[in-house]
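K.L.:
Spelled out from the first residue to the last, the chains are:
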Amino acid sequence: MHALIQGLILGILTAGVYALMASGQTLIFGIMKVVNLAQGAMVILGAYLAYQLFTSWGIDPFLAIPITTGVMFFLGVAIELLFLRPLRRDEKSELSLLVTFAVALLLEGIMSVTWSTTVRSINTTYANSSWTVFGYQITLVRLWAFLLSLLALGLLFLLLNRTRLGRAVRASVQNPESARLLGVEAERVSAIGFGLGSATAAAAGSIYGLLYPFNSGSHYDLISRLLSIVILGGLGSIGGAVAGALIVSVSSAVVASTVSPIWSEMTFFVVLLLVLLVRPQGLFGTAARGSI
Amino acid sequence: MRRNRLRRLGSLAVGAVAAATLVGGCASSGSGSGSGSGSGPLVIGASVSLTGDFSDSGKAVQRGYQLWADTVNAQGGVLGRKVQLKIVNDASSPTQVVTNYQNLINKDHVDLTFGPFSTLLTIPASQVAHRYSYAFLAPAGGGPKVFQQNLDNFFFVQPAPTTQSGDVFANYVLSLPADQRPKTAAYAELDDPFSAPIAESIRQKFEAAGITTVYKQVYPSETADLSPVMAALVATKPDVIVGGTQSEDAYAQVKALVQLKYNPKMMYLSNGANSPLEFPDKVGAGNTEGIFSSADWFPGSTAAGSDDFTAAYTKKYGGTAQQIDDSSAEAYAVGQLIEAVAAKSHKVDNATIIKELHSGSWPTLLGDLSWSANGAPTGSFNLVQWQGGKLLPVYPSSIAQATPIAAKPAWGG
Chain A
1 MHALIQGLIL
11 GILTAGVYAL
21 MASGQTLIFG
31 IMKVVNLAQG
41 AMVILGAYLA
51 YQLFTSWGID
61 PFLAIPITTG
71 VMFFLGVAIE
81 LLFLRPLRRD
91 EKSELSLLVT
101 FAVALLLEGI
111 MSVTWSTTVR
121 SINTTYANSS
131 WTVFGYQITL
141 VRLWAFLLSL
151 LALGLLFLLL
161 NRTRLGRAVR
171 ASVQNPESAR
181 LLGVEAERVS
191 AIGFGLGSAT
201 AAAAGSIYGL
211 LYPFNSGSHY
221 DLISRLLSIV
231 ILGGLGSIGG
241 AVAGALIVSV
251 SSAVVASTVS
261 PIWSEMTFFV
271 VLLLVLLVRP
281 QGLFGTAARG
291 SI
Chain B
1 MRRNRLRRLG
11 SLAVGAVAAA
21 TLVGGCASSG
31 SGSGSGSGSG
41 PLVIGASVSL
51 TGDFSDSGKA
61 VQRGYQLWAD
71 TVNAQGGVLG
81 RKVQLKIVND
91 ASSPTQVVTN
101 YQNLINKDHV
111 DLTFGPFSTL
121 LTIPASQVAH
131 RYSYAFLAPA
141 GGGPKVFQQN
151 LDNFFFVQPA
161 PTTQSGDVFA
171 NYVLSLPADQ
181 RPKTAAYAEL
191 DDPFSAPIAE
201 SIRQKFEAAG
211 ITTVYKQVYP
221 SETADLSPVM
231 AALVATKPDV
241 IVGGTQSEDA
251 YAQVKALVQL
261 KYNPKMMYLS
271 NGANSPLEFP
281 DKVGAGNTEG
291 IFSSADWFPG
301 STAAGSDDFT
311 AAYTKKYGGT
321 AQQIDDSSAE
331 AYAVGQLIEA
341 VAAKSHKVDN
351 ATIIKELHSG
361 SWPTLLGDLS
371 WSANGAPTGS
381 FNLVQWQGGK
391 LLPVYPSSIA
401 QATPIAAKPA
411 WGG
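Chains A and B, in that order, are what the protein sequence lines are. With our numbering, letter number 123 in the first sequence gets 123, and the count goes up by one each step, no holes. With our numbering, letter number 220 in the second sequence gets 220, and the count goes up by one each step, no holes.
Simulated from the structure, these hints should not be mistaken for lab results. Built from N, CA and C at the ideal position, the CB exists for glycine as well. Just to be clear, a hint being listed does not mean it is correct.
To give an idea of the interface, some chain A residues facing chain B are shown, with a C-beta separation under 7 Å as derived from the structure [unchecked claim]:
#1 Leu10
#2 Gly109
#3 Thr124
#4 Gly135
#5 Gln137
#6 Thr139
Make a model of the complete structure from these sequences and hints.
P.N.:
Structure below.
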């Protein structure tokens, strides 16, 4: 019972980080109908940037987030302008899979050359601290990561629902033709949307680097997990990304702590399969164009 | 992560072995084993991973080979012949490593070959060398499949097969008086050929001696988060924790235990904890105290040539003795063996090397080495323990620089 509850706590705290990563993925899909296979590589790039700021200048990874998100926002915009915009609109969804995978490989190569393939981790003074609550350990880094992920998701929610830009983004998601007729510049929204997705990857990367060791090849495992989360939650739905992340993290942690880590991934995929059998569009996805 | 790529490379290895067999089959059997008995430089070829997954360790191997060559050349060479190294990059690819050794032997006509890094590359490479009757001394690559090939030209230049490296910890624990031995043990094992078997070998010895297994879990290499596994392990409150680990998972186990505030009476990690630089950096220096691991070479070793190696290494590459990678020492030992055979037999050809190394034991900086017919070394590793921020050999007593601390100090202290 103790292991079960401890696993539950770990799963919930970790879910926030995955929700943040997946929110960028699902945002990009919602706006552009692009499945961004480079999202995992962008998270790892965000982790490397936070690592570099921490080791070179002693900047705490949490405090580094405004810097890394700024840098990665512009990188995302550049990727959209250089690699995605030239694609023909009617083939964009299919070709973008290849293009974003190529971007992932490009980023992996750049990271390998810059930081080598040695596994890195960000070790702050509080990395191993934890609080004891009713006999259970709550890791400080995970708690902060969870709270910060909630904050970042909240800011994203406000941006999408309380700003002019957000209205343009939502309009583009719901009905791109009507949005264009009403004066929304679809291409500008796409660039900003991709930038925002990259920025969330940067924020999640800082936290990821605090929690797990990583190297340039870490994005392969990450992207498969992210795709599973957004498909489970429903492509294009940020609420779905949060729900998907919760299901993935909690089921993985609980099964790993009570049964076996070998079965934890399997359990999740069984859940994914069952959900897709009942709701092919995912938990929060809509069959037609929907909302974010 | 990285291990996914290793798996992918694993499938490539099968192809590489097939390619090696095919090419070897087409070549004239037994053609030209490098005689090494001529005049002029003694040319030694080696394929080393200078890029790719194994590049860090591959470069350490290269440093070891080069340092030995420089050292022996400064003393006049081997039987008066200057050593000339021809090192080529295999990019950590089991396909490329086959091509490299084919070229080294058939195109460059090197006199001798030294091994690459990792079991993955050693298996196909040793088959190429065997096809041409070259002695194949490998400083890394001690997985079970290497020895299952039963190649008479192969010699693994470490004290014991990798999967037996933890036996020294079991021997130490079982040497303690009964009232000081742990009563219960937990095992967390990485599912790979170098990690889980080490812990399993310890478990068999412990169970035979009456130490109860309260938890055993094998985790796949893809496991991103070990905290749930360690939470379940902690719930069983074991006296001793045995980690069949590589590197990142070793760090993750320690960090999870610190976060879960559980301090076992003893802890052994098969790998990861034996890295003098990486381990304290990754888990925090205060959390290393009392943790056991296994090693073949350590600074301050009194084994043959160890002091000279340490001095030459720090002079050539800088840094401190503690910063020397084991792989460099193992590669250096390969050269020492060639020197020793030449000194004894006054020959340095492949047939002589194979014949001589199969008889008797040979002094190196890793200790005295000897091999069974399949190239598996017959010795044992040393038990090392973190004490006062240093990784010290503590068992067996013949090599110990400190007394083992049986009761692990608290985390952070």
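K.L.:
Could you work out which earlier hints the structure fails to respect and list their numbers in ascending sequence?
P.N.:
When the structure is compared with the hints, numbers 2, 3, 4 turn out to be violated.
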